[in-house]
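J.: Letter by letter, the chains look like this.
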Amino acid sequence: MWAHGDNIRLAAVKHPSFWGVGFAGCVILALVSCSSASAAVDTFAALSARANAARDAEHLDDAVRLYRRALALRPSWKDGWWSLGTIYYDQDSYTQAAHAFRNLLKADPKNGTGYAMLGLCEFELAQDTAALQSLRTGLSLGLIKDQSLRNVVLYHEGLLLLRKGQFTGAGDTLALLATYGEAGDQVALALGMAALRILPRDLPPEESQQRGVILRAGRAETLAAQKKFDDGARIYAELIAEAPQFYGIHCAYGTYLLREHLTDEALAEFRQEIKNNPRHVQSYLEMAAVQYHVDSAAGAQYAEQAVKLQPTLPFAHYLLGLLYADSGNYEKAVTQLESAERSHIREADLYYALSRAYSRTGRKADAARARATFLQLSSQSSGPQEPNIYGEHRPLQGPDANHPLSSVEAQPQR
Amino acid sequence: MRLATRREMLRWLALGLPACAARASFGATPHAAWQGTVSKGGLFEIVPPSVSGISWRHSNGRSPEYYLPETTGAGCAFLDYDNDGWMDIYLVNGGKCDFYDPQPPLHNALYRNNRDGTFTDVTEKAGVAGGGYGMGVAVGDYNRDGLADLYLTQYGRSILYRNNGDGTFVDVTEKAGVAAPGWASSAVWFDYDHDGFLDLFVCRFVDFDRSKNVFCGNTQSGERYYCVPRVYPPAQSWLFHNNGDGTFRDVSKESGIARVLGKAWGVVATDVNNDGWMDLFVANDTLPNFLFLNREGKFEEIGLDAGVGYSPEGHARSGMGVDSADYDQDGWQDLFVANVDQEMYSIYHNNHDLTFDDMAGPFGVGRTTRLLSGWGAKFFDYDNDGNLDLFLANGHPDDKIEVHSSHVKYQEPLLLFRNTGKALEDVSATAGPVFAQSFAARGLAIGDFNNDGATDVLVSVNGGAPLLLKNCAAAGNHWLGVRLIGKKSNPDAIGARITWQAGDLKRSRLKVGGGSYLSSHDPREVLGIGPRTKIDRLEIRWPQPGGRTEIFTDLAVDRYVTIVEGSGSLAP
Chain A
365 MWAHGDNIRL AAVKHPSFWG VGFAGCVILA LVSCSSASAA VDTFAALSAR ANAARDAEHL
425 DDAVRLYRRA LALRPSWKDG WWSLGTIYYD QDSYTQAAHA FRNLLKADPK NGTGYAMLGL
485 CEFELAQDTA ALQSLRTGLS LGLIKDQSLR NVVLYHEGLL LLRKGQFTGA GDTLALLATY
545 GEAGDQVALA LGMAALRILP RDLPPEESQQ RGVILRAGRA ETLAAQKKFD DGARIYAELI
605 AEAPQFYGIH CAYGTYLLRE HLTDEALAEF RQEIKNNPRH VQSYLEMAAV QYHVDSAAGA
665 QYAEQAVKLQ PTLPFAHYLL GLLYADSGNY EKAVTQLESA ERSHIREADL YYALSRAYSR
725 TGRKADAARA RATFLQLSSQ SSGPQEPNIY GEHRPLQGPD ANHPLSSVEA QPQR
Chain B
15 MRLATRREML RWLALGLPAC AARASFGATP HAAWQGTVSK GGLFEIVPPS VSGISWRHSN
75 GRSPEYYLPE TTGAGCAFLD YDNDGWMDIY LVNGGKCDFY DPQPPLHNAL YRNNRDGTFT
135 DVTEKAGVAG GGYGMGVAVG DYNRDGLADL YLTQYGRSIL YRNNGDGTFV DVTEKAGVAA
195 PGWASSAVWF DYDHDGFLDL FVCRFVDFDR SKNVFCGNTQ SGERYYCVPR VYPPAQSWLF
255 HNNGDGTFRD VSKESGIARV LGKAWGVVAT DVNNDGWMDL FVANDTLPNF LFLNREGKFE
315 EIGLDAGVGY SPEGHARSGM GVDSADYDQD GWQDLFVANV DQEMYSIYHN NHDLTFDDMA
375 GPFGVGRTTR LLSGWGAKFF DYDNDGNLDL FLANGHPDDK IEVHSSHVKY QEPLLLFRNT
435 GKALEDVSAT AGPVFAQSFA ARGLAIGDFN NDGATDVLVS VNGGAPLLLK NCAAAGNHWL
495 GVRLIGKKSN PDAIGARITW QAGDLKRSRL KVGGGSYLSS HDPREVLGIG PRTKIDRLEI
555 RWPQPGGRTE IFTDLAVDRY VTIVEGSGSL AP
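So the protein lines, in turn, are chains A and B. Position one of the first sequence corresponds to residue 365 (the working numbering), numbered consecutively onward. Position one of the second sequence corresponds to residue 15 (the working numbering), numbered consecutively onward.
What the hints contain is simulated information worked out from the structure, not anything from laboratory work. All the pointers check out, no bait thrown in.
In the DSSO-like style, the derived pairs of lysine-lysine whose C-alpha atoms are separated by at most 30 angstroms in a straight line are:
{"id": "1", "chain 1": "A", "residue 1": "K474", "chain 2": "B", "residue 2": "K226"}
{"id": "2", "chain 1": "A", "residue 1": "K728", "chain 2": "B", "residue 2": "K312"}
{"id": "3", "chain 1": "B", "residue 1": "K226", "chain 2": "A", "residue 2": "K442"}
Sequences are here, hints too, so could you generate the full structure?
T.: As structure tokens, this is what we get:
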């Protein structure tokens with residue numbers, strides 16, 4: 365199934381020995397020199413050498429057996445866990461592969477590539493939350509210099525975000541992939557889903573007209589990621605002419621225009637989306653967000669609509685709270701921000717806004733409590749900051765961290 | 015200084031929209047219509063090197079290794095080093111350090127004002143060439159001898175130059191004990207403990223040296239760009255207490271300054287709670303800004319509680335340039351901080367209760383600056399109408415930014431916001447050709463180099479020639495230039511409160527310390543009164559330990575005067 369990312373997957377993970385090709389080569393030579401010694405002593409050295417030789421000879425079942433025996437003797441053998449994990453992965457034995465990578469990470473907890481491989485296994489096992497966490501940890505710690513691995517990891521991260529309905533994050537990740545030159549239809553389709561806010565389970569069948577629209581929207585987003593904004597805009601304009609009633613197309617185009625700072629044109633698209641789909645919460649939120657700090661009182665009216673349409677959406681309450689606060693309406697801001705808080709959103713931003721609103725309404729104790737929570741959450745979100753494969757720096761997510769957008773993004777309400 | 019993270023929850027909230035600003039007005043004080051005339055060259059005109067004689071250029075030593083200091087300097091200053099009443103110019107350069115060994119060696123520059131619009135390089139004679147990798151400069155009379163001394167901040171070790179009074183300076187750093195090893199950025203002179211001597215606060219940026227340089231860039235291609243400072247550990251800034259005998263004592267710990275670690279770029283000494291004790295507002299990069307509240311000589315950091323540490327959405331930003339002024343004349347000092355692109359700059363309005371509200375959105379400053387990165391920043395009354403305007407020097411820190419962004423440029427335009435008495439209005443588009451150009455601007459100093467009462471601007475450019483901008487905007491409006499000399503109070507009168515009245519116009523101004531980025535300013539205050547032709551009343555409230563108030567009446571205008579604390583008289 366496409367949504368499992370069949371085609372963009374790691375093609376060649378079976379052989380690399382990331383910790384010591386030279387060492388492995390020596391072992392193979394040593395093994396060849398005594399290949400007739402079939403009754404080798406079952407020492408770790410002998411078992412590991414035979415395991416590597418079997419792996420290199422593509423005798424994978426033998427290799428698995430030998431690796432397991434060698435690892436039983438020396439559980440800290442990182443290269444062994446890596447090889448075992450990658451063999452299992454190639455055999456589609458994801459449970460076993462995940463087990464091997466977890467053991468690898470016990471021995472080498474800073475191994476970003478190990479986390480990435482674990483995440484790919486968890487992806488295949490439909491353990492989405494764990495997979496996302498593992499992939500992000502891997503990216504934060506840094507991967508080996510392998511472009512295909514980077515792209516695979518990013519792609520799967522994008523798919524996981526799509527599955528969770530985190531369309532903005534998915535779009536960002538997939539756009540990054542597009543900037544790296546991955547401009548194929550798979551990436552474009554995923555980008556189209558992100559732009560049009562379509563969950564993988566709702567993807568129309570292949571060859572359908574709807575799927576074609578999604579793909580073309582994704583191509584437009586791909587072009588934008590590659591700084592070919594005008595070409596992308598042309599595609600969107602064609603799509604809107606051909607399928608003006610396609611759900612979310614105006615909102616997607618509006619968001620596209622916003623990124624290019626064409627605010628008035630973007631607002632026109634959001635309005636058209638609402639005209640087509642009066643319950644299109646995302647368009648209301650986009651319009652409200654545009655007004656923040658500019659005309660927050662006007663923006664609050666759109667956010668109020670979003671809250672009315674989707675009262676369970678914490679982000680709508682949060683945004684409305686910000687807009688009220690920015691309009692000097694602190695009492696109403698507190699009400700909205702507390703609504704968001706009741707959704708158990710553990711997000712530093714929310715508590716900062718709460719602390720400010722409490723402070724301005726004279727609730728000093730509540731303000732102090734919100735400030736303390738803000739500081740606590742802020743410190744949690746500022747983990748190790750090391751360069752990663754992006755060449756940028758992303759905070760390491762805590763083990764239990766849920767991305768805030770996972771529960772606050774507006775979900776499609778067709 | 016940082017790139018926007020991809021996952022900021024509300025990064026898309028700030029997209030601009032030209033619209034009305036519901037709260038974008040302040041004050042109800044009478045406002046004189048702007049009387050200035052726009053010269054052919056605009057409100058500010060570039061004085062080219064061929065005219066000024068300032069041929070010096072900044073060298074950043076940009077290397078393939080992309081050492082972060084390369085893109086962050088340098089500062090500049092207006093000062094009157096020879097006490098002739100004319101503003102001279104000091105320019106800070108890169109130089110020899112652990113990652114750079116320029117040949118021939120680079121030097122800073124001191125230009126003496128020839129009083130005819132030209133300047134002469136007197137660096138060698140004065141002995142203020144520097145010698146390390148220079149960052150910024152702070153000017154102050156630390157030894158109360160009536161002469162402007164120079165504190166030069168550097169990456170590595172900073173330098174205190176004592177003014178000998180004969181056109182030369184001497185390096186007294188070691189004796190004074192203010193070397194501040196590490197990466198020093200902005201510095202400010204102010205009297206934090208009311209003993210009448212100028213103390214020294216020195217911003218320290220990150221814990222960095224050549225061996226700690228982090229690779230930031232594309233690991234596949236090896237292409238580098240300048241790191242977001244987040245990758246480097248924070249550091250404590252310094253506070254040096256002036257012992258009054260030519261030496262200083264590091265009181266960073268006992269004063270409370272060292273209790274928090276930052277990545278400090280800009281600093282301004284101001285008084286946010288009107289208690290007479292000068293506070294410090296410090297811009298941090300990728301960390302919350304600090305507001306050090308001075309509680310009778312001990313500092314308490316209240317940035318978070320005050321609402322100036324973070325963006326309105328609770329994000330630490332990349333603070334660089336800062337300033338403080340009472341822009342709306344409500345009697346309370348407001349704050350300004352410039353950030354990097356996508357973050358918007360902030361104008362924090364003082365709520366009179368140690369809290370602030372960011373008015374950048376309502377004033378349109380946010381929308382205007384959303385794609386810009388700001389360094390030099392100063393409130394001053396460019397058209398002498400009595401209202402404090404705002405001048406900003408911008409430029410993205412990453413020279414590769416245009417590879418990654420289609421909207422953000424490495425070189426960026428200057429910005430000028432005019433204070434209408436009700437709002438800050440972006441007048442850059444009509445302010446002249448210089449505002450249509452783009453620069454890698456960093457430091458910004460204000461000063462009236464031609465003594466015409468119109469405050470001019472000096473902008474330092476990373477890897478380029480400085481910009482000397484002559485103010486042509488104040489013609490037709492009247493003014494009084496005031497130089498304050500403290501006798502019992504600190505000699506530079508930092509913390510003095512100046513109040514003046516001309517007809518229906520009443521204004522008040524706190525003489526702040528420092529402000530902007532890596533730069534130092536004309537010590538004189540130009541008091542604009544618009545079309546009014548005399549000042550009815552001028553009140554000087556000297557800072558402690560002097561603390562007295564002196565009042566002068568019926569003053570002729572369009573001239574500079576010197577007021578010596580306790581003398582009760584004005585001198586030309």
